[in-house]
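Line by line, the protein sequences are chains A and B. Straight run, no breaks: the first sequence in numbering that gives the first Met the number 0 ends on number 563. Straight run, no breaks: the second sequence in numbering that gives the first Met the number 0 ends on number 203.
Hint data in this document are derived by calculation from the structure and do not stem from the laboratory. Among the clues, some could well be false.
Derived list of chain B stretches under chain A, where covered just means 3 residues or more per stretch with a C-beta under 8 Å from a C-beta of chain A [stated by the list, open to error]:
hint : segment
1    : 4-10
2    : 15-27
3    : 53-60
4    : 80-91
5    : 99-110
6    : 159-173
Ideal Cβ placement from N, Cα and C applies to all residues, glycine included.
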Amino acid sequence: MGTREQRLAAIRKSFPDEALVAEVPGGDLQTFRVDRKVLVDLARHLKDDPDLDFKLLLDVCGVDYPERAERFESVYHLSSLTHGHRIRLKVPMPADAPVVPSVYPVWRSADWFEREAFDLMGILFSGHPNLKRILCHPAFQGHALRKDYDPGQRWLLREGEQDEPVWARAVQEDEDHFETQVLNLGPSHPASHGTLRTVVRLDGEVITQAETEIGYLHRCFEKMAESHTWNQVIPYTDRLNYCSSMMNGVGYALAVEKLLGVEAPPRAQSIRIILSELSRVMDHIVDIGANLNDIGAMTPFLYMYEAREELYTVLEACCGSRLTMSYVRVGGVSHDVPADFGEGVRFILKRVPQLVADMERLITENRIFRQRTEGVGKLSSEDAIDWGWTGPCLRACGVPFDVRKSYPYMGYDQLDFKVPIAHGGDTFARYLVRVEEIKQSLRIVEQALEAMPPGPIIISDHNVALPAKEKVYTEMESLIWHFKLVMEGMKVPAGEVYGFTEAANGELGYYIVSDGSGKPYRIKVRPPCFAIFQAYPHMLKGHMIPDAVAILGSLNVIAGELDR
Amino acid sequence: MNTPDVVVCDAKPLRFLQRFYLIEVFKGLAVTLRHFLGNLFARKYTVTVEWPEVKREYSERLRGRHILLTRDDGSPRCVACYMCETACPAECIYIEAEEDPSSTVEWEKRPRVFTIDLLRCVYCGFCVDACPKEAIIMSRTHEMAFVTRGEAIVGLPELLQKGPVAKLDLGYRPYFGAPRSHISLPVPVRSVAPEIAEGSPVGR
Ligand code: SF4
Ligand code: SF4
Numbered sequence: 000m001g002t003r004e005q006r007l008a009a010i011r012k013s014f015p016d017e018a019l020v021a022e023v024p025g026g027d028l029q030t031f032r033v034d035r036k037v038l039v040d041l042a043r044h045l046k047d048d049p050d051l052d053f054k055l056l057l058d059v060c061g062v063d064y065p066e067r068a069e070r071f072e073s074v075y076h077l078s079s080l081t082h083g084h085r086i087r088l089k090v091p092m093p094a095d096a097p098v099v100p101s102v103y104p105v106w107r108s109a110d111w112f113e114r115e116a117f118d119l120m121g122i123l124f125s126g127h128p129n130l131k132r133i134l135c136h137p138a139f140q141g142h143a144l145r146k147d148y149d150p151g152q153r154w155l156l157r158e159g160e161q162d163e164p165v166w167a168r169a170v171q172e173d174e175d176h177f178e179t180q181v182l183n184l185g186p187s188h189p190a191s192h193g194t195l196r197t198v199v200r201l202d203g204e205v206i207t208q209a210e211t212e213i214g215y216l217h218r219c220f221e222k223m224a225e226s227h228t229w230n231q232v233i234p235y236t237d238r239l240n241y242c243s244s245m246m247n248g249v250g251y252a253l254a255v256e257k258l259l260g261v262e263a264p265p266r267a268q269s270i271r272i273i274l275s276e277l278s279r280v281m282d283h284i285v286d287i288g289a290n291l292n293d294i295g296a297m298t299p300f301l302y303m304y305e306a307r308e309e310l311y312t313v314l315e316a317c318c319g320s321r322l323t324m325s326y327v328r329v330g331g332v333s334h335d336v337p338a339d340f341g342e343g344v345r346f347i348l349k350r351v352p353q354l355v356a357d358m359e360r361l362i363t364e365n366r367i368f369r370q371r372t373e374g375v376g377k378l379s380s381e382d383a384i385d386w387g388w389t390g391p392c393l394r395a396c397g398v399p400f401d402v403r404k405s406y407p408y409m410g411y412d413q414l415d416f417k418v419p420i421a422h423g424g425d426t427f428a429r430y431l432v433r434v435e436e437i438k439q440s441l442r443i444v445e446q447a448l449e450a451m452p453p454g455p456i457i458i459s460d461h462n463v464a465l466p467a468k469e470k471v472y473t474e475m476e477s478l479i480w481h482f483k484l485v486m487e488g489m490k491v492p493a494g495e496v497y498g499f500t501e502a503a504n505g506e507l508g509y510y511i512v513s514d515g516s517g518k519p520y521r522i523k524v525r526p527p528c529f530a531i532f533q534a535y536p537h538m539l540k541g542h543m544i545p546d547a548v549a550i551l552g553s554l555n556v557i558a559g560e561l562d563r
Numbered sequence: 000m001n002t003p004d005v006v007v008c009d010a011k012p013l014r015f016l017q018r019f020y021l022i023e024v025f026k027g028l029a030v031t032l033r034h035f036l037g038n039l040f041a042r043k044y045t046v047t048v049e050w051p052e053v054k055r056e057y058s059e060r061l062r063g064r065h066i067l068l069t070r071d072d073g074s075p076r077c078v079a080c081y082m083c084e085t086a087c088p089a090e091c092i093y094i095e096a097e098e099d100p101s102s103t104v105e106w107e108k109r110p111r112v113f114t115i116d117l118l119r120c121v122y123c124g125f126c127v128d129a130c131p132k133e134a135i136i137m138s139r140t141h142e143m144a145f146v147t148r149g150e151a152i153v154g155l156p157e158l159l160q161k162g163p164v165a166k167l168d169l170g171y172r173p174y175f176g177a178p179r180s181h182i183s184l185p186v187p188v189r190s191v192a193p194e195i196a197e198g199s200p201v202g203r
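Just chain B, same shape as in the assembly:
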C-alpha cells in the first residue's frame, strides 16, 4: 500500500512560558471574554433561542407532522392506493378503503380509515415520496406532545388539511424544478406573538 500524504500532529512540548498558570489563564480569559461580550452586545452568532417566545425557523424541507391534502370540495385527495402504507418502513400507516359514492367513474376508492401512529413514525418522508396523488405531505410542525399513546394515533379528522394550502406551515413535499428549500445562516429565528406563546403548554 502506498503511504498516503500524512500530516503529523504530534504533541509539542510546552514552552517555558506555557508552564506558568497565570499567563495562560489570562489568555484563556481573553477568549471567553471576547465571546461573552460578543454575545452580550452583538448577538450576531448566538445560536440559542428563548424558546417558546422565540422559535427557530426551519427549512421548507423539514419533515414534521403529516397533512392529508384535500380537493377543492374538501374531500381527501387520497385514493386509498396503499402505496404510502407499503413504503412506510415503520409500518405506522393504517388504511381502510371504501368506494367513493360521489365519484363520477365507477370504483373510485377513498379512505374510510386513515391513521398514522405518530409515535411509531420515524419521519423519513417515504410516504410522501410514494404517494402518486400528492395527497400526503408533511408540515413543519414538530412540537408534538401526547398524554397517552392512543392520542398519538391520529386519523382523518386530525390529518386532513384545515384552511387553504397557502396558510399551512408546509414542510417536506414533492417539488419540481428549482429546489424550494433555503438555508439562512446564522441560525434563523422567528418571534412568536406573546399570546401564542402564553397559550402553548409550556407557557402556561
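The shape of chain A in the complex, shown without the other chains:
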C-alpha cells in the first residue's frame, strides 16, 4: 500500500497541471478534484499505470450542491486489488451544463452506475453507449435526487411507454430465413426472484441478444434518507438486501461511526459479527436453495430452509423481527442478546453443518447438476473486475478479494478464517464458493462466540446513543438527552465518508455526505449486486433459456438492494 505522496507523484507524472487534477487535503480517502476535460485520460492512466493499478471502479454517483457555483459533482470510488489502495475522484460541473465524459470505455462497471446517476441526478455522461433511465420508468420526469425535486409529485405512467430495447423491434432472420423470436423473461417469473425483466432474442433456443430492465422495486431510498434523521435510516437499510438485513445495518452504522469518530464497544462489535455471519449463512442458504430449486432440485432447497428457520429463530430472539431486524444502532446495538444466546448459537453450529452436508451429498457430485452448471455463465477474472464484481461471485473467478481480510473492520483480523476461491468462474464455481463460505462463516461465529466480551452494548455518548431506559425514567439529565436525541436527531459533523463492508453479495458501500445537521445530506449505497447484475445480459449470449435461469440464481440478485 503506497502512501498518498507516492500516489500523487504517480499521477503528477502525466498530469502535472494543478488546475486540472488537484488533491483535496484530508478526508477518509485520498481525493482528487478533476477537471472533466481530462477525466477519461486520467481514468486510463489510473487503470494502466502499474503503480496505481486501479482496475476496480466501485461506484459512480452524483451529488447536488445547489448553493455552489459548480452545482453538481460526479464522484468515483476506485480500488486497486493489487496494491490495496483506494481513491476518490470528484468532477464538478455547472448547473447549466451537467455533462461529463463517460468512463465506460475504461471501466465497463460504469455502465449502470452512470445510468443511475443520469436517472436520479440528471448528469449527462457523454459517450455512454446506452444512456437512458434505469431505476425510474421511462416516462418519469425530473431527477429525483436533485435537491429541488419535490418528492410529493405524482406522475401518471401509461401503458405503451414501457422500456423496450430498440433492437427488439427490428425484425431479424436467422440463416434459414426464419424470423427470430423476442421473448420477455419476467418481470413476474418464478425464476426471476424479485421483479426483474430480461428481454432476449432467441435464435432457435440460443440467446443471441439480451437486455435487462430493473427498477420495479425502486423506492428511492436515498431520497427518503435525506428527510430522516441518521438513526431513522436504519429501518430503511433493512430493506436493501432483505435476505441478510443485519449486514446492511452494520455497514451503515460503521460508516456513520467513521464520520462521527466513534467506535462501538467490543461486545457490540462481537454481537454484530456473530449476527452478520449468521445472516451471511442465511443469505447463501437462500441463494443456493433457490438456485437449486430453479434448476429442478427441490429437496436441498427444503433442507436449507430448515436451517434458515432455525437461524431466524436466533435472530428473532435477539432483534425482535425475523426479516427486518432494525437491531443495529449508530454506536452499538439496541439491546443485549438474550441470556441463552450461546446455547442457541451452538445449536445452530451443530445443526447447520449437518444440513449442508446432506445437501452436498445430494448435489456437489451430482452428475446432472454439474452438467447443468459447469461452464455455464463463465466469466474470466479480468472481465469480472472490469464489471465491478465483488464478493463470492468475484472469488469464484479466482480473485481472493474479501473486504473482511483486505480492510479488516470490527475485529475480523482477530479471527481465523479463510477466503474461499475457485477458478471456474461459472455457476458451479459460485456454488462451491458459497458452500465453503457457509463453513467459514460458522467458524467465525464459533470463535467470536468464545471470545465474546462482557460489557456495554452501546456507547455512552449521549449525543449519539439513547440513554438507558431506567435512567430516562429516573434522571432529569438523561431525560433531556433522550428528548434532544429523539426530537432533533444526532448531529454528525460535516464531511464525507465511504464506509464499506463485506456483505453477502460483495462489497456494500455507503458514501455518506453530511452537512452537520441532524439529517444526512446525501447517502449513496453501492449495492454489490447492482454491479454484478449489469454483466448478466452480456453473459447470456450463446446460452439457452434454462441456462439463463441457472445463471441468474447463481448471481444472487436481490431486488431490494438492486433497485433501492
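Chain A is already provided as a structure; the job is to place chain B with the ligands on it using the hints.
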C-alpha cells in the same frame, strides 16, 4: 495487498463410479429416506407447523401490534409528548393532545386522538424506544388482516390495553437488567385450543 489465506475449492472431476447414475441415485435416496423417516417418526427437527391449529412461539422481543398501556385507573399512561410520533420513520403515528381534566397538576396533557396506521408501520420499535413513559409497547400479535385500508388505522379504543398486563401477549418493550428474551431451539410451537383455531378467520 497481501494475499489473504485462501482455500481453493475448485471442482473435482467426477470419479469413475460417480459417472454412473444408479449408484448415485441410491446414495441420494438414502439421504432423502433418512430425512423422511426422521420427520415421520421422530419429528425432532421439523420446522413446519400445522398452522393455525399449531402456532409458532416467538420470543418476547417480537415486534407486533402496539399496545397503549393504562394506569391503574384505566386512563392512558401516554402524556401526548409527541416523541413517538417524531421518532417514527414511517410517519404513521398521529396524535392530538388535550388537557387532562383529571390531573392534579396544571397543564397535564393526554391524547385526544392517537392513531397508528398499521399498514404504514414498519414495526421497527422506535416508538417504544422513544417513549419516556413506557406508555407504548408492542405485543406479539403479528397476524393482522384488514378488509379496508381505513380499518388498519387504529385509534385509542383499539390500542388501549385490555385486561391486566400479566395477561397480555407482551412482545417488544423496554427492559432493564437481564435481557428477557429467550431462544428455544428446535423451533418452538404452541398448540392452540381447537375452538380458537376454529374461530379464527382461516379455520372458518
Ligand atoms: S414500530 Fe416503527 S414504524 Fe411502527 S409506529 Fe412504531 S416507530 Fe412507527
Ligand atoms: S412517546 Fe409515549 S408518552 Fe409520548 S406521545 Fe408517544 S406514547 Fe405518548
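Results for each hint:
With 7 residues having a beta carbon nearer than 8 Å to a beta carbon of chain A, the segment 4-10 of chain B meets the requirement of three or more and the stated coverage holds. Evaluation of the coverage hint for the segment 15-27 of chain B: fulfilled, as 6 residues show C-beta separations to chain A shorter than 8 Å, against a requirement of three. As drawn, the segment 53-60 of chain B meets chain A at 3 residues by the rule of a beta-carbon pair under 8 Å; at three or more, the given contact holds. Note: the segment 80-91 of chain B has 5 residues with beta-carbon separation from chain A under 8 Å; the three-residue rule is met and the coverage holds.
Remark: the segment 99-110 of chain B is not confirmed as covered by chain A, as 0 of its residues place a Cβ nearer than 8 Å to a Cβ of that chain, below the required three. Given as covered by chain A, the segment 159-173 of chain B passes the check, having 3 residues with a CB less than 8 Å from a CB of that chain where 3 are the minimum.
The structure is inconsistent with hint 5 alone, although it conforms to all the rest.
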